[in-house]
Amino acid sequence: MSRFKKKGDKGTPAISTASLPDIIFMLLFFFMVTTTMRETQLLVKVSAPSAKEVQKLEKKSLVSFIYIGEPVQSKLGTNTRIQLNDAFGVLDAIPEFVAKEREARDEADRKFLTTSLKVDKNTKMGIVTDVKQKLRKVGAFKISYSVTPEVER
Amino acid sequence: MALKTPELNASSMADIAFLLLIFFLVTTTMEVDTGIGRKLSPPPDPSVKPPDIKDRNVMNILVNKSDRLLINGRPGDLATLKEEVILFMTPHVPDDARYPEVKQENIDLLGVVYTSKGIISLKNDRGTSYKMYITVQDQLAQAFTSIKDELALKKFGKLYKDITEREKEAISDAVPMSVSEAEPEDVANK
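Respectively, the protein sequence lines represent chains R and Z. Mapped onto this note's numbering, the consecutive letters of the first sequence carry residue numbers 1 to 153. Mapped onto this note's numbering, the consecutive letters of the second sequence carry residue numbers 1 to 190.
Chain Z extracted, bound-state conformation (with noise of 0.2 Å):
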């Protein structure tokens, strides 16, 4: 008669498991990574001059070093600077002195559309924190995306993370984000 090999133990296996599951669960993180994403510009080409623009064109976003907003030379409040961006960026029919120029454009799926010229210049101190210039930067994202929703509600009837990539693309380039940072500067040392 063949000898009968005995049964393997295998009670403790579930707990050799349990600890290689522990394990992962403390060294590892699901979390995805969120954040807001910007391109930085080469830096400027001393040979080069800066294009003149048009002071009706450049909306100037000031940050000081006690977190205080001065938009155009008056002081801001951060509660109505998405209110303003939106204003001051979205193309006025006919053209307003009061706000930038507008530009006329053939634009894929979207056919001729107004386009504004304005540009946001953003300059903030070094000593402004850090948490404050978040906050600015993604109200300025904020109303383009504003923005960009009215005009994606208008020719397609949808918001603007709801159509295609195409689609996006089209609007994105009738509403272009120029956000422009200035050049730093010591403000406070000066």
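Bound conformation, chain R alone (with noise of 0.2 Å):
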């Protein structure tokens, strides 16, 4: 019966790889989907200190940065340096900085807008009571102070 004769070669068939670009795919919208785009360049070293009683900062879109440490580049020198956004800034440049994040937000969200210090360990605490001097007088009352939480042994 020439009906169920196998033609051709007898070897193992190819694996079909036409579903492994879906399989990748369906990986990068899990990852584009739990993940946030990195937002700002780091120019300052932040290496947060630890701590037990940590709180998550819950909306991300309503939270600005101010980070605090020394410089990446070492030809900048070694005082520590404040950073707002993408540039390095003085501490004039604070309400500034802080009105132009409110006028980013929705009217509605603005009290809620908390301000995250990132703050390297190794600071002193002078130029952190100045920052947050600077904020008390422009309104900006939340505050977090950015910290790894520390396990618990």
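Hint data in this document are derived by calculation from the structure and do not stem from the laboratory. Just so you know, these numbers come straight off a predicted model, no measurement behind them. You may find that some hints are simply not true.
If you want the ones that stay clear, here's a sample from chain Z, every Cβ over 10 Å from chain R, calculated [what the hints assert, rightly or not]:
1. Leu62
2. Glu105
3. Val179
Derived BS3-like pairs: lysine-lysine, alpha-carbon spacing no greater than 27 Å straight-line [stated by the list, open to error]:
4. R:Lys52 with R:Lys100
5. R:Lys132 with Z:Lys103
6. Z:Lys82 with Z:Lys49
7. R:Lys132 with Z:Lys49
8. Z:Lys117 with R:Lys142
9. R:Lys121 with Z:Lys117
10. R:Lys134 with Z:Lys161
11. Z:Lys161 with R:Lys142
Just the calculated beta-carbon pair ranges, DEER-fashion [as the list claims (entries may be wrong)]:
12. R:Asn85 with Z:Lys54: 40 to 50 Å
13. Z:Leu19 with R:Glu103: 15 to 25 Å
14. R:Glu103 with Z:Leu78: 35 to 45 Å
15. Z:Lys4 with R:Ser19: 21 to 31 Å
16. R:Ser19 with Z:Lys158: 46 to 56 Å
17. Z:Leu78 with R:Phe29: 42 to 52 Å
18. Z:Lys154 with R:Ser19: 32 to 42 Å
19. Z:Asp108 with R:Glu103: 35 to 45 Å
20. Z:Glu7 with R:Lys100: 34 to 44 Å
21. Z:Ala79 with R:Ser19: 54 to 64 Å
22. R:Val90 with Z:Asn106: 48 to 58 Å
Beta carbons: idealized from backbone N, C-alpha and C, even for Gly.
With the hints as a guide, bring both chains together as one complex.
Shown next, in the form of structure tokens:
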């Protein structure tokens, strides 16, 4: 009966890779959904201190960041600097920075705006206090000291 | 006979998708930002006189520029700070002159409870390291959490973190986190 006769070669058929892109795309979408874009490039070194009593920052879109630490580029010296968004800032630029951050948000959300202070652990409190005083003056009362959670043993 | 369209070679599709995947892996972050949340007080109004607070209601914590602690004028230790704060802030009934005053308050869900009038006053030097400051803040937060835990266990039989939002509010009313940060002063340069 020639009807059931196999034709041609007898080797194992090649595994179809047609579904491989789909699998990879699924992975890709998973990562796109669960992660967020890295917002700013760090110009200062920040290694956050650790603490046990930590809270999660709830809404990432309602947080503005102020980084304080030594510059990454060593040619800029080792003096503690403040970074506001993408550039180095000075203390007096903070009110303007806060005003801009507020304007970028919805009117209803503005009062929930939190300022997250990402400060290097070897920084002296002086500059941090100055920043806090500036924030108090412009009415940005909600702050969060960024820390890494300490693992309990 | 119709022309057969040749099958499209899709083997490079996977590589393209891989490239995209790796791009997203590199440019995005997954970590959730964690921090110690605090509320700053509005700048003091020079026309309003600060309220008089009795000495026994205040616990003064001073951190100097070499990260040493001074608690109520005596040298303190970071290891015992938490216990001292818990002892100070837990309402002491009957009234004890060594600890802050207590007042009775009627709070929803809890009924009549004693709350402490104690205030922690935290003051640091400009030269204090940020790490030390966070450690002290963390110890204070831990102390208040453990007082809250105790009250929550007594009233609801659960730890503070396991009770509902409304119960949490009630407990927070009974155990206010009264930490006051002193107006900054330049101690080192005087």
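Evaluation of the provided hints:
With a least CB separation of 12 Å from chain R, Leu62 of chain Z remains clear of the 10 Å interface cut-off, as annotated. Every CB of chain R is more than 10 Å from the CB of Glu105 of chain Z (nearest about 25 Å), matching its label as outside the interface. Residue placement check: Val179 of chain Z keeps its beta carbon more than 10 Å from all beta carbons of chain R (closest about 12 Å). For the given pair, Lys52 of chain R sits about 33 Å from Lys100 of chain R by alpha-carbon distance, which is inconsistent with the 27 Å threshold.
For the suggested pair Lys132 of chain R and Lys103 of chain Z, the alpha carbons sit about 33 Å apart, so the restraint of at most 27 Å is broken. Between Lys82 of chain Z and Lys49 of chain Z the CA atoms are separated by roughly 32 Å; this puts the pair beyond 27 Å, and the hint is violated. Between the alpha carbons of Lys132 of chain R and Lys49 of chain Z the distance comes to roughly 23 Å, so the proposed pair stays at or under 27 Å and holds. Of the supplied pair hints, the one linking Lys117 of chain Z and Lys142 of chain R holds, its CA atoms being roughly 24 Å apart against a limit of 27 Å.
Note on Lys121 of chain R and Lys117 of chain Z: the hinted pairing is violated, with a Cα-Cα distance of about 33 Å set against a maximum of 27 Å. With a C-alpha separation of about 34 Å, the suggested pairing of Lys134 of chain R with Lys161 of chain Z is violated against the 27 Å cut-off. Restraint check: the Cα-Cα separation between Lys161 of chain Z and Lys142 of chain R comes to about 22 Å, which is no more than 27 Å; the hinted pair holds. Here the CB-CB span from Asn85 of chain R to Lys54 of chain Z is close to 46 Å, well matched to the stated 40 to 50 Å.
Taken as a hint, the range 15 to 25 Å is violated for the pair Leu19 of chain Z and Glu103 of chain R, whose Cβ atoms sit roughly 37 Å apart. Roughly 42 Å separates the CB atoms of Glu103 of chain R and Leu78 of chain Z, a value that falls within the hinted 35 to 45 Å. The hint said 21 to 31 Å for the Cβ distance between Lys4 of chain Z and Ser19 of chain R, and at roughly 23 Å that hint holds. Range check, Ser19 of chain R to Lys158 of chain Z: Cβ separation about 49 Å, and the 46 to 56 Å hint holds.
The supplied range of 42 to 52 Å is met by Leu78 of chain Z and Phe29 of chain R, whose beta-carbon atoms lie about 48 Å from each other. Range check, Lys154 of chain Z to Ser19 of chain R: Cβ separation about 59 Å, and the 32 to 42 Å hint is violated. Restraint check, Asp108 of chain Z to Glu103 of chain R: a C-beta distance of roughly 39 Å satisfies the suggested window 35 to 45 Å. Our hint of 34 to 44 Å for Glu7 of chain Z and Lys100 of chain R is violated, since their Cβ atoms are close to 55 Å apart.
At about 60 Å, the beta-carbon gap between Ala79 of chain Z and Ser19 of chain R stays in the expected band of 54 to 64 Å. A hinted range of 48 to 58 Å holds for the C-beta pair Val90 of chain R and Asn106 of chain Z, which are about 50 Å apart.
Consistency note: the structure conflicts with the earlier hints numbered 4, 5, 6, 9, 10, 13, 18 and 20.
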